[in-house]
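Asks: Those sequence lines, one after another, are chains A and B. Under UniProt numbering, the first residue of the first sequence is numbered 1, with each subsequent residue one higher. Under UniProt numbering, the first residue of the second sequence is numbered 1, with each subsequent residue one higher.
Incorrect hints may appear among the rest.
Unchecked claim - Below are the DSBU-like pairs computed for lysine-lysine, each with C-alpha atoms no more than 35 Å apart in a straight line:
| no. | chain 1 | residue 1 | chain 2 | residue 2 |
| --- | --- | --- | --- | --- |
| 1 | A | LYS36 | A | LYS8 |
| 2 | A | LYS222 | B | LYS231 |
| 3 | A | LYS190 | A | LYS64 |
| 4 | B | LYS257 | A | LYS222 |
| 5 | A | LYS8 | A | LYS166 |
| 6 | A | LYS91 | B | LYS257 |
| 7 | B | LYS231 | A | LYS91 |
| 8 | A | LYS224 | A | LYS190 |
| 9 | A | LYS91 | A | LYS36 |
| 10 | A | LYS224 | B | LYS257 |
| 11 | A | LYS123 | B | LYS231 |
| 12 | B | LYS231 | B | LYS261 |
| 13 | A | LYS190 | A | LYS223 |
| 14 | A | LYS223 | B | LYS261 |
As the list claims (entries may be wrong) - Heads up, incomplete: computed chain B residues facing chain A, CB under 7 Å, no partners named:
| no. | residue |
| --- | --- |
| 15 | GLN26 |
| 16 | ALA27 |
| 17 | ALA30 |
Note that these hints are calculated values from the structure, not bench results. The structure displayed is predicted, hence computed values, not measured ones. Glycine included, each C-beta is placed from N, C-alpha and C at the ideal position.
Here is how the chains run, residue by residue.
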Amino acid sequence: MTEQALFKGSERYIASPQLALAVNAAMHLQKPLLIKGEPGTGKTLLAEELAAALAAPLLRWQIKSTTKAQQGLYEYDAVSRLRDSQLGSDKVADIANYIKPGVLWRAFTADQRPVLLIDEIDKADIEFPNDLLHELDRMAFQVYETGELVEARQRPLVVITSNNEKELPDAFLRRCFFHYIEFPDAEQLKAIVDVHLPDIDQQLLDQALSAFFSVREFPDLKKKPSTSELIDWLRLLLAERVQAGQLALDEQALAELPLLGALIKTEQDQALLAQPLKRAMRSY
Amino acid sequence: MFIEFFRCIRRHGVAASVTELLDFLQALQAQVVFADVEGFYHLARLTLVKDERFYDRFDRAFAEYFEGVSETELSDAIPAEWLTKTLQRQLSEAEKQALSGYGSLDELLKQFQQRLSEQEKRHAGGSKWIGTGGSSAFGAYGYHPEGIRIGQAGSGSRRAVKVWDKRQFKDLDADQALDNRNLQMALRGLRRFARQGEANELDLAATIQATSRNAGYLDLQWQAERHNAVKVLLLFDVGGSMDDHIYDCQRLFAAAKNEFKHCHFYYFHNCVYEYVWQHNQRRWQQRTRVIDLINTYASDYKLIFVGDATMGPYEVLYPGGSVEHWNDEAGQVWMQRLLQHFNRAVWLNPQPQSRWRYYASLQLINDIMQQHMYPLTVNGIESAIAHLR
Chain A
1 MTEQALFKGS
11 ERYIASPQLA
21 LAVNAAMHLQ
31 KPLLIKGEPG
41 TGKTLLAEEL
51 AAALAAPLLR
61 WQIKSTTKAQ
71 QGLYEYDAVS
81 RLRDSQLGSD
91 KVADIANYIK
101 PGVLWRAFTA
111 DQRPVLLIDE
121 IDKADIEFPN
131 DLLHELDRMA
141 FQVYETGELV
151 EARQRPLVVI
161 TSNNEKELPD
171 AFLRRCFFHY
181 IEFPDAEQLK
191 AIVDVHLPDI
201 DQQLLDQALS
211 AFFSVREFPD
221 LKKKPSTSEL
231 IDWLRLLLAE
241 RVQAGQLALD
251 EQALAELPLL
261 GALIKTEQDQ
271 ALLAQPLKRA
281 MRSY
Chain B
1 MFIEFFRCIR
11 RHGVAASVTE
21 LLDFLQALQA
31 QVVFADVEGF
41 YHLARLTLVK
51 DERFYDRFDR
61 AFAEYFEGVS
71 ETELSDAIPA
81 EWLTKTLQRQ
91 LSEAEKQALS
101 GYGSLDELLK
111 QFQQRLSEQE
121 KRHAGGSKWI
131 GTGGSSAFGA
141 YGYHPEGIRI
151 GQAGSGSRRA
161 VKVWDKRQFK
171 DLDADQALDN
181 RNLQMALRGL
191 RRFARQGEAN
201 ELDLAATIQA
211 TSRNAGYLDL
221 QWQAERHNAV
231 KVLLLFDVGG
241 SMDDHIYDCQ
251 RLFAAAKNEF
261 KHCHFYYFHN
271 CVYEYVWQHN
281 QRRWQQRTRV
291 IDLINTYASD
301 YKLIFVGDAT
311 MGPYEVLYPG
321 GSVEHWNDEA
331 GQVWMQRLLQ
341 HFNRAVWLNP
351 QPQSRWRYYA
361 SLQLINDIMQ
371 QHMYPLTVNG
381 IESAIAHLR
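Using the sequences and the hints given, assemble the complete structure.
Replies: Shown next as structure tokens:
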């Protein structure tokens with residue numbers, strides 16, 4: 001543990017001790033770290049800040065529903081080779097000219113140990129994580145076209161995020177460490193806000209936070225506001241010069257909070273907040 | 001080393017494997033944490049638990065292992081049969097708040113003993129007796145802020161609340177079967193690959209043909225990729241007698257959602273009438289007209305009903321038969337409308353098949369479905385899917 005830098009969060013990113021432990025354990029044992037948590041709890045940001053803290057390059061692989069595991073390794077551009085052959089180009093003789101390295105390849109061969117972010121892995125097809133098992137385990141793969149074996153010079157630090165849209169296969173999970181980022185409590189949230197908005201009036205912040213938590217605890221909200229929405233809201237409050245006294249703390253009047261649109265993003269939720277609590281409960 | 005701990009965790013239903021145990025031991029050896037129980041707790045959770053739904057089980061196992069508190073003391077006094085998990089009530093936050101505490105622990109224990117002596121039969125649901133799934137302070141799988149959990153683990157002794165005792169992840173434990181893989185494999189039978197969408201795959205055969213026709217000058221041909229094109233519309237019966245089957249339905253639901261890209265679901269109560277809904281909590285505010293279902297989803301959607309089909313025969317046969325509202329048209333009229341529109345439909349019934357003949361309404365529905373009612377078991381689903389194809 002001594003020879004390695006310890007991650008403790010950074011000036012711009014407040015990491016809970018548990019999260020720091022998870023990152024350090026993954027770093028030390030060279031296991032991929034799977035991060036889940038509510039949207040807006042800073043899953044993606046973690047990889048960015050980790051890379052910054054370690055002064056390592058960040059390689060980001062944004063997963064979409066059409067992403068294939070193979071694309072992360074390399075792609076063989078057969079079509080342009082075929083075209084070149086028709087045009088009589090010299091490049092055609094060497095197949096390596098048409099192999100395009102993917103993100104994993106670049107991560108494996110980087111000079112310095114990189115942080116590899118596989119973002120929103122749950123967006124991909126069900127088979128996607130299984131297709132990557134071997135590569136993440138051995139940190140090596142074979143290029144069939146050239147017979148070349150691409151091996152990791154040093155195992156990259158792999159951070160994987162998921163939003164729970166699909167369940168991940170057990171075999172894949174077994175190879176990862178798993179951490180669930182909890183929604184920060186009031187104290188942590190205050191620390192986070194301090195990082196982003198150091199000049200905010202403390203009284204305003206206290207009131208805003210208490211209003212924010214009342215909104216979050218309102219029953220049956222479809223989309224609870226998260227940290228990033230809180231920060232946006234506070235920025236707006238500052239820009240509009242809302243004074244400390246103007247934030248209603250009465251639960252009945254949550255719908256009348258100034259600039260609520262920054263916190264509540266769907267029409268249904270706004271309507272829900274507008275109706276008194278009693279009516280919301282009657283529907284059970 | 002820590003074998004007993006590992007076994008304790010597995011006993012509590014966290015599916016950790018030996019690989020993970022070895023990872024954990026390695027991490028300990030590497031001294032990622034120092035002599036510190038809380039660090040140990042977090043490290044163990046990081047390496048052994050792979051889904052936040054199991055955090056709560058892990059917390060309970062951890063508490064049991066480290067406190068050495070036997071969880072069986074109270075359970076032994078109660079016939080296990082009472083606690084069979086038949087009901088899983090999911091209370092909303094608001095309801096939880098409405099439940100008030102019972103005061104101190106001693107008082108709770110006293111009440112418990114008293115109730116135990118008063119009660120003679122197994123009980124489920126309700127808010128007074130000892131049993132499962134209710135909101136009484138005593139019993140398992142239910143919710144009460146100061147409840148005593150029996151047969152569900154946890155201990156009734158008083159001690160300082162530590163991280164694992166807070167049980168913050170209680171709500172995340174869906175208590176889902178660990179192996180809905182069987183179900184998923186059964187559903188996989190419904191896969192139908194089709195080429196749809198953007199053409200971004202080289203069609204080799206067509207390219208060769210086109211190139212030859214083009215006197216050897218390359219003419220690339222593309223085709224769309226193969227996707228699982230099966231579309232599924234699930235209608236779940238909720239409430240009433242279906243409460244007993246919530247567990248099976250959740251498993252089916254999770255498996256179906258994972259397996260099919262085009263999978264839509266709605267709820268109904270007992271029989272389908274004018275409306276279905278998507279959120280049980282807001283079923284009166286947000287409803288979908290059945291006519292809209294028919295107009296929205298093409299007839300190649302596979303329609304799957306899930307319900308026990310046990311109700312009064314009036315609920316199927318007569319206008320005004322619904323137990324919840326006045327329906328101008330009988331349930332069977334709505335059923336027929338759906339069946340006419342969708343080419344393939346089945347009804348999955350969580351009741352054991354041996355009991356089907358005792359319910360008149362079940363026979364009625366089965367006739368309406370033209371005998372395409374199948375039991376909600378892996379085999380039943382396989383036969384149902386054979387029909388849906």
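Asks: Next pair to validate is LYS91/A with LYS257/B; report whether the Cα-Cα distance is within 35 Å.
Replies: Since the Cα atoms of LYS91/A and LYS257/B sit roughly 48 Å apart, the hinted pair is violated (cutoff 35 Å).
Asks: Taken at face value, is the distance from the CA of LYS223/A to the CA of LYS190/A at most 35 Å?
Replies: 22 Å, holds
Asks: For the pair we were handed, LYS231/B and LYS261/B, check the Cα-Cα distance against 35 Å.
Replies: With a Cα-Cα distance of about 7 Å, the restraint between LYS231/B and LYS261/B holds, given a limit of 35 Å.
Asks: Is the straight-line distance between the alpha-carbon of LYS190/A and that of LYS64/A 35 Å or less?
Replies: Roughly 34 Å between the alpha carbons, so the hint for LYS190/A and LYS64/A holds.
Asks: Quick one, are LYS224/A and LYS190/A close enough, alpha carbons at most 35 Å?
Replies: OK: LYS224/A and LYS190/A at ~18 Å, within 35 Å.
Asks: Straight-line Cα separation of LYS123/A and LYS231/B no greater than 35 Å?
Replies: Holds - the C-alpha atoms of LYS231/B and LYS123/A are around 19 Å apart, at most 35 Å.
Asks: LYS257/B and LYS222/A: Cα distance at most 35 Å?
Replies: 19 Å, holds
Asks: Check the hint pairing LYS222/A with LYS231/B against an upper bound of 35 Å on the C-alpha distance.
Replies: The given pair, whose Cα atoms are some 26 Å apart, holds under the 35 Å limit.
Asks: May I ask you to test the interface hint for ALA30/B with respect to chain A, counting a Cβ-Cβ separation under 7 Å as satisfied?
Replies: 5 Å, holds
Asks: Are LYS223/A and LYS261/B close enough, with their CA atoms no more than 35 Å apart?
Replies: Within the cut-off at roughly 23 Å; holds.
Asks: Take the C-alpha atoms of LYS8/A and LYS166/A, compute the straight-line distance between them, and say whether it is at most 35 Å.
Replies: 30 Å, holds
Asks: Any CB of chain A closer than 7 Å to the CB of ALA27/B?
Replies: 5 Å, holds
In summary, the structure is inconsistent with hints 6, 7, 9 from the numbered list given earlier, while agreeing with the others.
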